[in-house]
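A.B. asks: This is what each chain is made of:
8 protein chains.
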Amino acid sequence: MKIQIIMGSASDMPIAEKVKAVFEEFGVAYDLSVASAHRTPDLLKKLVEKSDADVFIGIAGLSAALPGTIAAHTIKPVIGVPVSGKVNLDAILSIVQMPPGIPVGAVGLDRGENAALLAVEILAVKDVRLEKKLLEYRKKMREKAVSK
Amino acid sequence: MKIQIIMGSASDMPIAEKVKAVFEEFGVAYDLSVASAHRTPDLLKKLVEKSDADVFIGIAGLSAALPGTIAAHTIKPVIGVPVSGKVNLDAILSIVQMPPGIPVGAVGLDRGENAALLAVEILAVKDVRLEKKLLEYRKKMREKAVSK
Amino acid sequence: MKIQIIMGSASDMPIAEKVKAVFEEFGVAYDLSVASAHRTPDLLKKLVEKSDADVFIGIAGLSAALPGTIAAHTIKPVIGVPVSGKVNLDAILSIVQMPPGIPVGAVGLDRGENAALLAVEILAVKDVRLEKKLLEYRKKMREKAVSK
Amino acid sequence: MKIQIIMGSASDMPIAEKVKAVFEEFGVAYDLSVASAHRTPDLLKKLVEKSDADVFIGIAGLSAALPGTIAAHTIKPVIGVPVSGKVNLDAILSIVQMPPGIPVGAVGLDRGENAALLAVEILAVKDVRLEKKLLEYRKKMREKAVSK
Amino acid sequence: MKIQIIMGSASDMPIAEKVKAVFEEFGVAYDLSVASAHRTPDLLKKLVEKSDADVFIGIAGLSAALPGTIAAHTIKPVIGVPVSGKVNLDAILSIVQMPPGIPVGAVGLDRGENAALLAVEILAVKDVRLEKKLLEYRKKMREKAVSK
Amino acid sequence: MKIQIIMGSASDMPIAEKVKAVFEEFGVAYDLSVASAHRTPDLLKKLVEKSDADVFIGIAGLSAALPGTIAAHTIKPVIGVPVSGKVNLDAILSIVQMPPGIPVGAVGLDRGENAALLAVEILAVKDVRLEKKLLEYRKKMREKAVSK
Amino acid sequence: MKIQIIMGSASDMPIAEKVKAVFEEFGVAYDLSVASAHRTPDLLKKLVEKSDADVFIGIAGLSAALPGTIAAHTIKPVIGVPVSGKVNLDAILSIVQMPPGIPVGAVGLDRGENAALLAVEILAVKDVRLEKKLLEYRKKMREKAVSK
Amino acid sequence: MKIQIIMGSASDMPIAEKVKAVFEEFGVAYDLSVASAHRTPDLLKKLVEKSDADVFIGIAGLSAALPGTIAAHTIKPVIGVPVSGKVNLDAILSIVQMPPGIPVGAVGLDRGENAALLAVEILAVKDVRLEKKLLEYRKKMREKAVSK
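Chains as they are written, first to last, in my numbering: chain A, 1 to 148; chain B, 1 to 148; chain C, 1 to 148; chain D, 1 to 148; chain E, 1 to 148; chain F, 1 to 148; chain G, 1 to 148; chain H, 1 to 148.
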């Protein structure tokens with residue numbers, strides 16, 4: 001089981017770091033690449049088509065076509081992370097407002113950790129070990145929240 | 001394998017119908033309930049906690065707290081569908097902008113069919129039969145698009 | 001008579017401080033807790049249900065489900081304070097656009113002091129001493145405004 | 001105990017009707033007037049100042065200054081109802097974004113019923129009979145929601 | 001001939017300074033006061049009603065009711081200046097979206113200099129000396145723009 | 001004394017009718033023309049430069065450059081009326097957000113009557129007869145509002 | 001010389017009709033196809049890469065990735081037309097906010113005629129006959145505007 | 001072959017620098033001027049009408065009438081660059097939402113490099129040498145993106 005993380009630009013790395021941190025905590029394998037729906041569409045297509053990942057995470061700002069383009073090339077679940085900038089509604093709406101037939105699940109602005117957690121939840125649907133880790137993770141989150 | 005669809009209000013049925021149509025096409029089992037994060041929070045909690053669903057779909061408009069509240073009660077993947085109204089940005093942002101730790105994957109406004117397809121993709125991660133159906137579904141979509 | 005202040009996250013403390021300052025000025029008793037509609041929904045429910053507060057104030061940013069979820073568990077008046085972030089319309093609309101049946105009274109972005117004053121006004125409906133203090137407070141505010 | 005409902009314009013009557021229906025269900029006394037912060041500011045001031053109401057509800061669209069102006073003339077709780085039009089964010093933001101010191105509790109767009117319920121909740125803080133009615137009202141709402 | 005400048009808050013002074021600078025350049029008399037539609041409505045009303053100003057300029061942020069409230073108390077031309085903050089659309093829409101019958105002329109966000117110039121243009125309708133100054137002012141502006 | 005009304009398009013006539021109705025009620029002379037900042041810029045420039053109007057009213061939708069372009073060609077007061085369409089924020093912001101040096105006073109969306117009233121107020125600054133009419137007009141507006 | 005028009009969906013035909021009408025008036029050759037960045041990305045890529053068009057026009061609504069994806073596959077000028085729907089800012093921002101390196105020229109919402117005219121202007125850069133037609137077209141537009 | 005770059009204000013220079021850098025890389029001739037649709041409309045008109053440029057680029061913020069006004073005076077292709085400020089939607093919508101008949105191709109906020117590349121693409125329609133340079137430029141962009 002593996003997740004493919006794709007950033008639209010190397011400048012999206014701070015958001016990708018949040019994704020990686022969660023995967024490392026959960027012991028989930030991942031690949032991280034930079035590929036742009038606009039600058040390197042063929043690279044992106046190849047990356048998606050040859051990938052054996054079970055879930056894809058696309059991270060992009062502005063007219064964030066990346067998650068939707070990943071979804072265009074795979075029937076694996078695709079999670080989109082809008083990256084903040086000067087407008088913000090641009091990346092959010094570009095990722096959320098996909099046309100019928102090609103789904104993307106959007107998480108919040110710069111919310112790499114939630115993209116990772118959603119990906120883990122997807123893998124955990126058929127993986128009891130991961131399911132347990134998720135329950136523990138959430139339990140710890142609650143204890144930490146309560147202790148404050 | 002089963003999906004739990006939850007509408008925040010009975011008036012969200014037209015969007016739920018889009019979800020159901022996809023599940024029936026794919027032969028995916030589902031339950032459909034009305035439960036509101038605001039009007040019937042305990043019912044919603046019970047419904048989520050006792051459910052053996054693998055994926056949840058929450059459909060809601062306005063300050064659409066439903067998908068996020070479902071996610072608060074489960075570590076299964078949760079997909080949120082914002083329902084259109086007089087403002088639209090309210091439901092979209094309420095569903096997308098989840099805080100760190102509790103992920104929801106948002107699809108587009110009124111996009112019940114994409115919520116269903118994303119749910120099928122999630123189930124298909126470990127179900128070769130569903131994966132094939134998704135590939136066929138997409139192939140047909142493309143043929144239909146080309147033939148126009 | 002008592003007010004229950006609930007922050008969705010410990011990071012909302014600067015806004016809670018504005019609330020506290022007003023209550024201390026008016027000699028109004030309050031409790032301050034952190035409880036999240038998303039991360040600790042059961043804690044939040046218990047906190048609200050066992051509280052003997054007369055008014056609740058929920059402080060939250062992003063898809064700010066907190067005030068609405070408090071309102072789902074009580075028939076006491078609930079005041080919501082949206083907390084500023086990268087989008088701002090998210091928290092404002094999430095708190096304001098409640099569905100019919102479960103009211104929340106929203107104050108402005110980061111406007112903890114107004115949430116507190118509204119809570120005092122509510123208590124003062126049947127408390128002549130507080131009513132007098134409010135009249136004095138407003139008088140002083142006007143004198144201060146005029147003297148500038 | 002009494003509520004003063006004020007509409008900015010006679011055209012806001014459909015929203016005021018929602019307020020009235022709730023008050024009649026709860027047996028709460030109310031007065032309904034038309035007074036505009038812009039067209040009849042002196043009438044509005046007199047109406048507010050001479051009123052013996054315990055709570056005020058201001059209903060207005062566009063640059064909805066009405067609730068804020070009511071709040072400027074009273075230290076009683078003021079609830080604002082933005083009325084929908086061609087822009088919607090105008091009335092919502094005009095009512096929500098009050099400056100420090102003069103609180104208004106905003107409910108959702110066209111949400112007269114919630115304004116009324118919030119007003120009943122405020123009166124119920126010290127009125128056991130109304131509190132019971134609110135609990136029954138909510139119980140019925142839940143039963144109705146569940147039965148669907 | 002005189003202009004009355006009113007700020008909703010002493011914190012709006014940087015915008016008022018832009019207004020003053022223009023009036024001083026044109027030799028136009030003005031008064032500058034702080035009066036809030038929300039905090040000091042009676043002071044504001046008195047200030048407007050007793051003023052012998054020919055034009056009013058209201059400077060305010062947030063739910064900027066000030067210019068509209070000035071207009072409610074006078075039939076002199078009123079110019080509104082929205083002041084920037086965390087939302088910006090709040091002050092712009094609150095000032096622009098006045099209901100029928102009570103006009104306000106809104107200038108851009110923080111655009112005190114344009115409010116002043118519009119006021120001078122209004123006075124210049126019947127003042128040949130000011131009209132000439134305006135023509136010179138614009139000529140200089142053009143020369144300065146061209147020389148860059 | 002005269003007002004020049006300019007519509008960006010013949011389709012803006014319903015808004016211009018509101019302007020005309022007010023001028024006819026007040027007995028104010030006006031000219032009404034169609035001239036577009038985009039389609040007929042030279043016609044617009046000539047129209048503005050040769051006009052002996054004391055005030056200009058520009059009515060336009062979309063990227064409503066008309067009022068700003070009128071203001072570019074005159075030092076007479078210019079009032080802009082944004083016309084509603086599919087976006088609305090486009091016309092409002094295009095008219096309000098003028099750069100420093102070239103003022104436009106914007107009224108609300110489709111608010112032709114307020115543009116006319118503001119123009120009358122400007123003429124009335126030095127016209128006692130018009131000032132009286134404005135006072136009567138407002139008095140009647142109030143009586144009509146009260147009688148409802 | 002030829003223009004390739006691509007619609008993201010057959011439902012965009014009313015906007016494509018506006019494009020065609022202009023090309024027919026100017027005698028400009030064009031091809032019209034349906035190809036979606038999301039549903040048929042390979043078809044779209046092939047269509048763009050094998051095309052000998054001099055200019056591309058992409059017409060799409062929602063998270064309108066089409067024009068940007070066309071631009072990703074060609075170094076010919078690409079014009080994007082956002083199509084109206086329930087949100088409108090989604091298609092506008094998705095098309096306008098392209099990242100550095102891959103330009104798209106966006107025209108207004110549903111503005112097929114302007115996309116066509118811009119395409120004709122591009123062809124006319126080196127085509128005196130088309131340049132003359134454009135001058136005549138604009139002259140006629142002005143005469144028509146003046147005659148109204 | 002030449003491009004005319006026009007900034008609405010000298011403060012737009014950082015965006016113009018991005019345009020120039022691309023033109024210098026491609027060896028494309030250009031003129032750079034400051035001319036405002038609002039402050040120096042006649043200068044702007046003359047500049048556009050006497051120019052022998054093949055493409056125009058207009059750079060402006062706020063109610064950015066510059067690109068549309070350039071387009072009003074020429075039938076050459078016009079590219080508009082919205083400049084960021086406190087609102088951002090103002091400049092984007094002012095440039096994108098042009099009325100029928102006068103096209104402008106808008107690029108993204110502050111996206112001077114894309115305006116330049118689009119201009120080069122337009123010139124390259126009939127210039128094989130530039131076309132080759134564009135292909136090389138894009139190839140290098142891809143190699144650089146891949147190497148990261």
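In case anyone wonders, no lab produced these hints; they're calculated from the structure.
Honestly, I wouldn't trust all of these hints.
[Claimed, not checked] List time: in silico BS3-like cross-link candidates among lysine-lysine, alpha-carbon distance up to 27 Å:
1. A:Lys46 <-> B:Lys132
2. C:Lys144 <-> E:Lys86
3. A:Lys126 <-> B:Lys86
4. C:Lys45 <-> D:Lys133
5. G:Lys126 <-> H:Lys132
6. E:Lys50 <-> D:Lys45
7. G:Lys126 <-> A:Lys46
8. H:Lys46 <-> F:Lys50
9. H:Lys45 <-> G:Lys140
[To be verified] Which residues of chain F face chain H? A few of them, derived with a C-beta cut under 8 Å, are:
10. Arg39
11. Leu43
12. Ser63
13. Thr69
14. Pro99
Note that CB positions come from ideal geometry on N, CA and C, so glycine has one too.
A.B. asks: Are the hints correct? Go through all of them and say.
C.D. replies: How the hints compare with the structure:
1. A:Lys46 <-> B:Lys132: 20 Å, holds
2. C:Lys144 <-> E:Lys86: 25 Å, holds
3. A:Lys126 <-> B:Lys86: The hint is violated at about 40 Å.
4. C:Lys45 <-> D:Lys133: Measuring from Cα to Cα gives roughly 22 Å; hence the hint holds.
5. G:Lys126 <-> H:Lys132: Distance ~18 Å between lysine 126 of chain G and lysine 132 of chain H Cα, so the pair holds.
6. E:Lys50 <-> D:Lys45: 18 Å, holds
7. G:Lys126 <-> A:Lys46: Violated - the C-alpha atoms of lysine 46 of chain A and lysine 126 of chain G are around 38 Å apart, more than 27 Å.
8. H:Lys46 <-> F:Lys50: 20 Å, holds
9. H:Lys45 <-> G:Lys140: Holds. Lysine 45 of chain H to lysine 140 of chain G sits at ~20 Å (cutoff 27 Å).
10. Arg39: Nearest chain H Cβ about 5 Å off; hint holds.
11. Leu43: 11 Å, violated
12. Ser63: OK, holds: serine 63 of chain F within 8 Å of chain H, min 4 Å.
13. Thr69: 7 Å, holds
14. Pro99: 5 Å, holds
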